[in-house]
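Residue numbers (numbering that gives the first Met the number 0), protein chains in the order written: chain A, 0 to 350; chain B, 0 to 350; chain C, 0 to 325; chain D, 0 to 325.
Source of the hints: derived by calculation from the structure; they are not laboratory data. The reader is advised that the hints may include incorrect statements.
[Claimed, not checked] Label pairs and their calculated CB-CB ranges: (1) D:Ser226 - B:Tyr188: 39 to 45 Å; (2) C:Glu210 - B:Tyr313: 28 to 34 Å; (3) B:Arg218 - A:Phe283: 58 to 64 Å; (4) A:Gly227 - D:Gln24: 37 to 43 Å; (5) A:Asp343 - B:Glu50: 55 to 61 Å; (6) A:Glu189 - B:Glu50: 58 to 64 Å; (7) B:Ser286 - C:Ser297: 32 to 38 Å; (8) C:Asp310 - A:Glu189: 40 to 46 Å; (9) C:Gln29 - B:Tyr188: 35 to 41 Å; (10) D:Gln254 - B:Glu243: 22 to 28 Å.
[Claimed, not checked] Calculated pairs, DSBU-like style, for lysine-lysine (alpha carbon to alpha carbon, straight line, at most 30 Å): (11) A:Lys279 - B:Lys200; (12) B:Lys317 - B:Lys337; (13) A:Lys325 - B:Lys282; (14) C:Lys251 - A:Lys47.
Ideal placement from N, C-alpha and C gives every residue a C-beta, glycine not left out.
Given next are the chains, with one letter for each unit.
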Amino acid sequence: MSRELSYTEAILEATDQALHEDSKVMLLGLGVPDPKGIFGTTLGLQEKYGEDRVFDTPTAENGVTGVAIGAALTGMRPIITHQRVEFSLLGIEQLINQAAKWFYMTGGKASVPLVVRSIIGRGWGQGPQHSQSLESWFAHVPGLKVIMPSNPYDAKGLLTAAVRDNNPVVMLEHRWLHNTFGPVPEGNYEIQIGKAKIAQKGDDITIVSYSYMMVEALRCASILAKCGINAEVIDLRSIRPLDESTILKSVSKTGRLLTIDNGWSKYGIGSEIVSLVAEKRLKFLKSPPIRVGPNDVPIPSTRALANLVYPSTYEILKSVEKSLGKELLGMNWDNLPKVEDTPDKTFQGPF
Amino acid sequence: MSRELSYTEAILEATDQALHEDSKVMLLGLGVPDPKGIFGTTLGLQEKYGEDRVFDTPTAENGVTGVAIGAALTGMRPIITHQRVEFSLLGIEQLINQAAKWFYMTGGKASVPLVVRSIIGRGWGQGPQHSQSLESWFAHVPGLKVIMPSNPYDAKGLLTAAVRDNNPVVMLEHRWLHNTFGPVPEGNYEIQIGKAKIAQKGDDITIVSYSYMMVEALRCASILAKCGINAEVIDLRSIRPLDESTILKSVSKTGRLLTIDNGWSKYGIGSEIVSLVAEKRLKFLKSPPIRVGPNDVPIPSTRALANLVYPSTYEILKSVEKSLGKELLGMNWDNLPKVEDTPDKTFQGPF
Amino acid sequence: MKNLDPLKLYTDMLRIRFVEETISQEYSKQEMRCPVHLSIGQEAIPVGVSSRLTISDQIVSAHRSHAHYLAKGCDLKKMISELFGKVDGCCRGKGGSMHLFDLEGGQIAAVPIVGSSIPIGTGVALGLKRQKKPGIVVIYLGEGATEEGVFSESLDFAKLQNLPVLFVCENNLYSVYTPLGSRQDSKRSIIDIAKAHGISAISGDGNDVIEVQKLTSNAIIEINTHSTPFLLELSTYRWLEHCGPNFDDHLKYRQDGELSNWMERCPIKKLKLHLEKNHLINNRIENKIIEKIKLEISEAFEHARKSSFPDPTELFLHVYAPREIE
Amino acid sequence: MKNLDPLKLYTDMLRIRFVEETISQEYSKQEMRCPVHLSIGQEAIPVGVSSRLTISDQIVSAHRSHAHYLAKGCDLKKMISELFGKVDGCCRGKGGSMHLFDLEGGQIAAVPIVGSSIPIGTGVALGLKRQKKPGIVVIYLGEGATEEGVFSESLDFAKLQNLPVLFVCENNLYSVYTPLGSRQDSKRSIIDIAKAHGISAISGDGNDVIEVQKLTSNAIIEINTHSTPFLLELSTYRWLEHCGPNFDDHLKYRQDGELSNWMERCPIKKLKLHLEKNHLINNRIENKIIEKIKLEISEAFEHARKSSFPDPTELFLHVYAPREIE
Ligand SMILES: Cc1ncc(C[n+]2csc(CCOP(=O)(O)OP(=O)(O)O)c2C)c(N)n1
Ligand SMILES: Cc1ncc(C[n+]2csc(CCOP(=O)(O)OP(=O)(O)O)c2C)c(N)n1
Ligand SMILES: [Mg+2]
Ligand SMILES: [Mg+2]
């Protein structure tokens, strides 16, 4: 397991293997076979599997979502792509009213095996209509599954599971994860949808996050370790179904909870987790749980403001301090990474 | 204030007075001038204000939402209607990406005064695609305001405030409230958006609800009173902005919290409220907060199952017992109203 | 290919008419507690269309789907039980009248969000084509549904991929109570919209079942020979209220005399005249047909009445499909 | 009415070209940190259209809006500052390149969700008509945007209400990297789609500014005399990458030689030939024009560079409009 792939390559490989494994799998979306191949995640697949299985579409998200549902009803297993989750809103009626309810509505007689990949934007001035992260919308709806992998290994394993699932699965990919690297096995493997991962074990506080915010969570955990604080970091991986028992078990042990949201916190993912813990583990809580997430404003384009939207390492660590009820020893508060409008130096826009 | 109106009449009167008061107000939507007039809420208005101001539209929710936004940009104050919130999903891109962000996106230079009325269905076998209640979606989005009046007085006052507001306001109307009656003043008046109401004062437990579930909440409160339990019942009225201080003040006093959701509880309205309280009033909580709401399933058509979806008086009272940590004295558990598929005898379907 | 015998067409129309009339009569008993959109007056279209369909052809419908379902040969008992909310309904009671389907009969879906059935039907055709399965897909849609943008999106996609789709637009002049003129400019043409997308299209009298049958025949030939979609726009008229069991002429949203004119143009009456002229029917034959239909219908209602409601545990069943289905 | 002098058209096109070229050159400095969709090669359409617009006319644009904004006479400094993310940008930095607008100049909106600008522009026209305000609304849209269903919905609504809308479709053959043929059947016709909705429509050469001007004149006359919408489809071509500052011919998604053919058909070059033939331009005049434009542009960039970023407190400003605005 020493081979490293980027998140992009992991998605590409999972898709390639899914297309190879099952002739019913098909891949469609605006730009799928173009030279950029959905940020590299679909490159070369049309050449390999032909235009019948891997193809471009008109700019018509509502129609395309419906078409994918219809094809799924005949036994196909479509994967559709949206370069921004905002574009998917045009097809959300199909996803929510139709796909999510089909199996139930037909009394278990017909299902819609469909994967909807949507990219969540951030940074480089994408602005109010290209930077939202609407996971709590999808997570609210019974009948949908929602995965938000935080690293290449999970991206491949969860996408593989999603394609094999007989339900509509929404995969939300953070643009800033695309160029992150990590070990990825060559063969096919699945990560169970609905199971969280303990990304780091610890006893002092439970930090729950997912998707890109896991990068922040783990960074904070290693800083905390230097201060002698052992954080247990939970990577949700899926937000529906939600792995309640892993969360509850951890908080029972640590007695402290911090959630880091990728999207807005009001009526967000952290709200569900904090409520769950308050309902089921109230007595275990040694201090009030804390939700951290983007500020409750539309995302502005200018970096002067956009950088203020997102939780910083500083804010997260300060929240941990508050939760612990004591100062972090040996912290150098001045030396923390600042929020930037690019994930790394290789990212130079424009999209 | 002895005059009683139905919820429907209260909406009609608020709209009538808004059209009268401001020539920029206009009302459009599929069926607005038809003989049923959106369940009676728009009857006679076209005759009174003319086809230029009150008019029907094609079955084209996306287009109509965009048109209303465009008209609002020129200074008009459109009210649009959807006979079911599910239909509004076709126009949700316009509402969320455009209207909700316009004022922010233009640096405060242009705003979208727009009211979107959507009806939430329930009962009489409406089924999976005509019974959803998606308020937590709208509540998640900064830039929107979301009102959910629970009675005729509030319906008139909140709608009046919504039409005068310079922001997009979503009003969700529960179909089962349409035929409820209550005192409504004749003149124009506003209820402040973002302010909750203490519908009943009490010291023993805080019950937070909104929209149709307030009917249940108040029913339970009066049953509880007979058992010597004084519940403080908060009617949220608006779910964005959320009146945090009224909730926190109440829980500080009672130490107990029960939320009753109108839509699904997972990632729902109750989640935000429970989290808020857990974060800010943890120490005050004498027992774990409890969320009650529709079961986490698509809404089936058959009443044999649909009636099991919604929280019953029994379930709510049992939750209160759990919260109080003691049995309700003198309760006759067998004599409670059952969940029905109609709000009252006058409702005989079909829609 | 179904029987092309006009008497069969007559029987099929009459059967649908009687089913709908029975629902209408029985509705006030409050056993069928779900919205119903009846098709009385519009029977010729589904019967004419389905008379040219085979078992491998699929149909997709919307909110007003009873007639489509029955004409295609789907199961009557499963339909009535569904309306009653019973567990042996086609959706185990979970869907109701607005979600009728029958995979064996060939109605793959009914979707009550206006327009949303159209891309789904288009996708069904894509699935068939990719799997090289035989058959075409008929997508029934109201003229109101053509106002939803997804109609145009689906035309574009169907033509681009050259899918075997027959779009059948039932133009009954109304969307709920709203007349055509308040929704579509008088110069707007559904036929021309299809043609502007490169799709052949033709209009016809939707109350003349023989004409519908002919137009369908020609359309299917075109679809199969040129592997291209086709659109039929057929004029017709709904007699009862949009949703519910009753007449609603007193509401005055219809033009004066409009309903009675259209009732004169009843598709069943029209075919009967033709049959009589050609001595293909007499009282004895007709009575036998009626008797058989009535028996079948009363059995279906009796069956539904006696059937059980789903068990409470079914509430949590079917939210998610398991890994292995079928 | 703006100056119809062809030299003015030339100046306007050249000014847009230079602004876009400057953005392209300066982009790598990473001061303009937002996606940019440049219009080099497509200048004739907005310049030709705007040459027939008055100050009371409004335009609505999409993601590729620089040229529309500038041709309409909106403020250059506010645009460049916006690209720099500065507080004196047209959106106080909150919008970036994809949200340019200038209420005084008449660009009421730019909307980067493909197609979503179309009903908004239609609604602007409704608002003007209801308030009996003068002016028409020009809605610029790419040929890709015609694939979104809301295009058809907007055509229907605009015609139904007879709104003063001029739809200007800039057909540049691509949506991002996807060629027309992968998105629209060869028999699909945007002109015919408009006509099928009852809207007059005509196509023309979008790289010939004089032709654009003429077509626009005629369209506006039709809109005003018959109070009806109108659609123009104008062919053109984007030289640079879809989003970003560079050429991208090496990506090979364009046909071989396609770009160079279209560069030959440069709208500015074409008009210059015409001017030269009619002795309306010479080196001296041209140099003066260029000098003036370059000065204006460098001043705008200098200004943007020196301007401040919005204060951190602005993050929470403008989420909700207060009761009293203006
Ligand atoms: C998206 C959406 N908007 C509105 C409705 C409400 N509605 C139900 S049926 C119907 C009429 C549609 O008219 P048409 O397509 O002509 O079918 P018809 O009822 O005439 O058969 C409408 C508007 C809906 N179900 N879905
Ligand atoms: C709804 C939606 N889908 C996809 C996109 C991504 N996108 C941005 S610009 C664009 C191209 C649209 O093509 P066209 O309308 O022809 O305009 P052009 O770029 O050619 O000027 C696309 C697909 C988007 N912004 N919005
Ligand atoms: Mg109709
Ligand atoms: Mg284009």
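Hints and how they fare:
Taking the beta carbon of each, serine 226 (chain D) and tyrosine 188 (chain B) are about 41 Å apart, inside 39 to 45 Å as hinted. The given range of 28 to 34 Å is broken by glutamate 210 (chain C) and tyrosine 313 (chain B), whose C-beta atoms sit roughly 59 Å from each other. Against the hinted window of 58 to 64 Å, the Cβ-Cβ separation of arginine 218 (chain B) and phenylalanine 283 (chain A) comes to about 34 Å, which falls outside the hint. Checked against the hint of 37 to 43 Å, the pair glycine 227 (chain A) and glutamine 24 (chain D) fails, with Cβ atoms roughly 53 Å apart.
At about 58 Å, the beta-carbon gap between aspartate 343 (chain A) and glutamate 50 (chain B) stays in the expected band of 55 to 61 Å. For the hinted restraint 58 to 64 Å between glutamate 189 (chain A) and glutamate 50 (chain B), the CB-CB distance of approximately 59 Å keeps it satisfied. Evaluation of the 32 to 38 Å hint for serine 286 (chain B) and serine 297 (chain C) yields a failure: the beta carbon distance comes to about 58 Å. Separated by about 33 Å at the C-beta atoms, aspartate 310 (chain C) and glutamate 189 (chain A) break the suggested range of 40 to 46 Å.
Look at glutamine 29 (chain C) against tyrosine 188 (chain B): about 40 Å separates their beta carbons, and that is inside 35 to 41 Å. Checked against the hint of 22 to 28 Å, the C-beta distance between glutamine 254 (chain D) and glutamate 243 (chain B) comes to roughly 60 Å, which is inconsistent with it. For the hint linking lysine 279 (chain A) to lysine 200 (chain B), the alpha-carbon distance of about 27 Å falls within 30 Å, and the restraint holds. Using a Cα cut-off of 30 Å, the hinted pair lysine 317 (chain B) and lysine 337 (chain B) holds, with the two alpha carbons roughly 14 Å apart.
Under the criterion of a C-alpha separation no larger than 30 Å, the hint pairing lysine 325 (chain A) with lysine 282 (chain B) is consistent with the structure, at around 18 Å. Distance restraint check for lysine 251 (chain C) and lysine 47 (chain A): the Cα-Cα separation of roughly 62 Å exceeds the 30 Å cut-off, and the hinted pair is therefore not satisfied.
When the structure is compared with the earlier hints, violations turn up for hints 2, 3, 4, 7, 8, 10, 14 and for no others.
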